[in-house]
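In order, the protein sequence lines correspond to chains A and B. The letter at position 135 of the first sequence is residue 135 when you use this note's numbering, and the numbering goes up by one with no holes. The letter at position 106 of the second sequence is residue 106 when you use this note's numbering, and the numbering goes up by one with no holes.
Read the hints as simulated data drawn from the structure, not as lab findings. Yeah, the Cβ is synthetic: ideal placement off N, Cα and C, and Gly gets one too. Treat the hints with care, since some could be wrong.
[Said to hold, decoys possible] Restricting the straight-line Cα-Cα distance to at most 30 Å, the calculated cross-link-like pairs of lysine-lysine (DSSO-like) are: (1) A:K74 - B:K149; (2) B:K12 - A:K349; (3) B:K96 - A:K216; (4) B:K8 - A:K349; (5) B:K12 - A:K358; (6) B:K8 - A:K74; (7) A:K325 - A:K74; (8) A:K289 - B:K210; (9) A:K74 - B:K96; (10) A:K206 - B:K12; (11) A:K74 - B:K210; (12) A:K206 - B:K8; (13) B:K12 - A:K74; (14) B:K96 - A:K168.
[What the hints assert, rightly or not] Derived contacts from chain A toward chain B, CB cut-off under 10 Å, selection only: (15) L6; (16) W8; (17) R10; (18) Y71; (19) P83; (20) P87; (21) P88; (22) R97; (23) S239; (24) F315; (25) R318; (26) I350; (27) S351; (28) T355; (29) L356; (30) D410.
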Amino acid sequence: MDRNYLPWWRLDNAAKIFPSTSSAHDSKVFRFFCELEEDVEPAALQTALDKTIEQFPIYRCVLRRGWFWYYLEKSPLPALVCPEQLPPCFPIYPSPRRSLLFRVLYYRRRISLEVYHVLSDGAGALDFLRVLVYEYLCVRHPEDNLPASRVPVLGISDQQKEADSFQKYYEKPARRFGLSPSAYQIPGDRLPRNQLAILEGRISVKELLTCARVRKATITELLTAALLRSIYEGMPVRSRKKPVVVTVPVNLRNYFPSFSSRNFFAIIHVGYDFGQSSTDLEAVLDQVKRSFREKLTAEKLKSHVDGLCALEHNFFARIAPLPLKDMVLRYANRIAARAATVSFSNVGKISMPETLEKYILQFGVLTCAGCLQACSVSFGDSFVITFASPYRSRETERIFFQELSHLGLDVTLTTNIEEEVEQNVVL
Amino acid sequence: MLFCEQCKVHVKGTLRRCPLCQSPLSGTQEENVYPVLPPAKRTMWLLLRLAALATVVVAVICSAVNFSLPQTGWWSVLVIAALASTWLVLGVTVHKRGSPMKAIVWQLGVISATTFLWDIFTGFAGWSLDFVLPIFIPCAQLAAFIVAKALCLRPAEYLFCMTFCILAGFLPLIPLLCGVIEIIYPSVICVGISLVALAGLLLFKGRELKDDAVRRLHL
């Protein structure tokens, strides 16, 4: 590499809002973890990370401020694995020291990858974690003699991985957007010191699929409906005139061909008005199914993304100096947050080479975004749904998991809130 | 594995009560999945807060004494201004502690401005323009150069700050040409040094400077 020239990248459309709006209580950092059947060996993990990062050049970069936009710049900083010593999804940017925009952590059986959303979305980060776990298991179990051709993202060029797919599919739209109506906000005190209460529920994929198919729905639809219902149960009567809205990130790679390991997602809003409609799970599910069918079409998604890209391409938006953009984006983010009650992201099924599956217990994902967030991922027969909440009250989670349990599903919970729970009991 | 009879859910880890309904769990505890984290130590913040409290104490005592003895003049205003200036410089240094080049630029800006303001509000004898700024700016340029070399920074990491320090060296031209300076030698030397530094920068790092401008100014 020429020492005098550092390659740099513009931020993609979705990433442009994150540096301005991330803060200590809304770090815009998400975490994927892989729980193995055995304890993690740090030296092997470091070797695996060194091999993995070679395949994802854009992960070796730092975020910098320009005069008009932030940008990513290649960095000589080393990528090191470290034991888990910080709270989950601890802020990566802004930080007093310039650092890479991801971390690889280990604790007991878990390898965790925490990524700042500027760098990548869930699908992109998942590719990184799959390669990392693959390389790690290759180092730990050379006796399995894995064929080199089974690396998860083999055959995808660096340019494909670095591509800004928003730019590729952007066309200037004809019409503009209006503001979404404001949604019900879960009230309650936040946990002190920007802590995040994590509650993971593990369910059998087979049981969940059966449960969903009986109702002629997909897993995402069923869980979205159950989530809407659980928020309704905890809602004060006077707030029932406001709709409960779940935002669902959609991986655009499923609609527009792309192999980018950067951001390429859109968000759809799925709402339900409990004040005026039936509160049965079946009725909610019907409405959710209809919303998904209406909103998850290539045309609808494209017009949504085009609208967002048009803002970025607006001449006046481009020439506004960065500190002004920071202020406007922070304000716009606050307004946009009012249109959603909660967020639910189903990342989907993770595949790994078959010979390695016996070493892996489960995958999971969680994210920090300032309000209650649910994320889920499935691997083999384990479906893991994780709630990350900045609130002291965990009523929504309680009702949600109890409802799943009533549906006949066997739920296994894991949490990071042990001491906190004990304190609440004392109080 | 633990089990909650009320919620009918299994629970992993070392909990004693159900995370959903807080009723007692049955079954055996397992190793915890998330580490128990010790509270973060913030020694630096404690020191800063102590210093801030000491500052407030000094300011209050001086104001009180001064208020009781008005015949001694309004010297407490100067004390408070001095404390505020010190905190301003300390503040930008702490804020930019992760990036020494930025710290130099910010210190250059803040110290120059406060010095100039002190001069103005203490009767404008002209010492800030005659001596302090023309001597301080080349020192900042030298500091930027030394930091860039010592930390083996890449051009993309130091060029912008370096250019800023060098361009700041031309500021003494303004009072020089306006004729408000009595002793001109420091200012002339400062501008001379800055000219040589600018020529060196353009000759040796011109291409990198252009690259840096492209990435910093991209629309």
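Outcome of the hint check:
For the hint linking A:K74 to B:K149, the alpha-carbon distance of about 20 Å falls within 30 Å, and the restraint holds. A C-alpha spacing of about 23 Å is found between B:K12 and A:K349, which places the hinted pair at or below 30 Å, so the restraint holds. Straight-line distance between C-alpha atoms of B:K96 and A:K216 comes to about 57 Å, which puts the hinted pair past the 30 Å bound. Note on B:K8 and A:K349: the hinted pairing holds, with a Cα-Cα distance of about 26 Å set against a maximum of 30 Å.
About 21 Å separates the Cα atoms of B:K12 and A:K358, which keeps this hinted pair within 30 Å; it holds. Straight-line distance between C-alpha atoms of B:K8 and A:K74 comes to about 50 Å, which puts the hinted pair past the 30 Å bound. The hinted pair formed by A:K325 and A:K74 meets the criterion: a straight-line CA distance of about 24 Å does not exceed 30 Å. Restraint check for A:K289 and B:K210: not satisfied, since their Cα atoms lie roughly 54 Å apart, outside the 30 Å limit.
Between A:K74 and B:K96 the CA atoms are separated by roughly 21 Å; this keeps the pair inside 30 Å, and the hint holds. The suggested pairing of A:K206 with B:K12 holds, with an alpha-carbon distance near 21 Å, which does not exceed 30 Å. Straight-line distance between C-alpha atoms of A:K74 and B:K210 comes to about 17 Å, which keeps the hinted pair within the 30 Å bound. Taking the CA atoms of A:K206 and B:K8, the gap is near 19 Å; set against the 30 Å cutoff, the hint holds.
Distance hint between B:K12 and A:K74 is unfulfilled; the C-alpha atoms sit about 41 Å from each other, more than 30 Å. Our distance criterion of 30 Å between C-alpha atoms is broken by B:K96 and A:K168, whose separation comes to about 37 Å. Because the beta carbon of A:L6 sits about 4 Å from the nearest beta carbon in chain B, less than 10 Å, this interface hint is met. Here the hint on A:W8 is kept, as its CB sits about 5 Å from the closest CB of chain B, short of 10 Å.
For A:R10, the interface hint holds, since its Cβ comes within 10 Å of a Cβ in chain B; the closest pair sits about 7 Å apart. The interface hint given for A:Y71 is met, as the beta carbon of that residue sits about 6 Å from the closest beta carbon of chain B, less than 10 Å. Because the beta carbon of A:P83 sits about 8 Å from the nearest beta carbon in chain B, less than 10 Å, this interface hint is met. The interface hint given for A:P87 is met, as the beta carbon of that residue sits about 6 Å from the closest beta carbon of chain B, less than 10 Å.
Satisfaction of the interface hint for A:P88 is found here, the shortest Cβ-Cβ separation to chain B being roughly 7 Å, below the 10 Å cut-off. Interface hint at A:R97: satisfied, since its Cβ lies 4 Å from the closest Cβ of chain B, which is below the 10 Å cut-off. Taken as an interface hint, A:S239 does not check out: its beta carbon lies about 23 Å from the nearest beta carbon of chain B, beyond 10 Å. The interface hint given for A:F315 holds, since its Cβ lies 9 Å from the closest Cβ of chain B, which is under the 10 Å cut-off.
Here the hint on A:R318 is kept, as its CB sits about 4 Å from the closest CB of chain B, short of 10 Å. Given hint, A:I350 at the interface with chain B, is violated; its Cβ is 19 Å from that chain's nearest Cβ, farther than 10 Å. Annotation: A:S351 was flagged as interfacial toward chain B, and the flag is violated, the nearest CB pair being 24 Å apart, outside 10 Å. Interface hint at A:T355: violated, since its Cβ lies 26 Å from the closest Cβ of chain B, which is beyond the 10 Å cut-off.
Taking 10 Å as the C-beta contact cut-off toward chain B, the hint placing A:L356 at the interface is violated, the least distance being around 21 Å. Among the interface hints, the one on A:D410 holds; its C-beta lies about 7 Å from the nearest C-beta in chain B, closer than the 10 Å criterion.
The structure does not agree with the numbered hints 3, 6, 8, 13, 14, 23, 26, 27, 28 and 29 stated previously, though it agrees with the rest.
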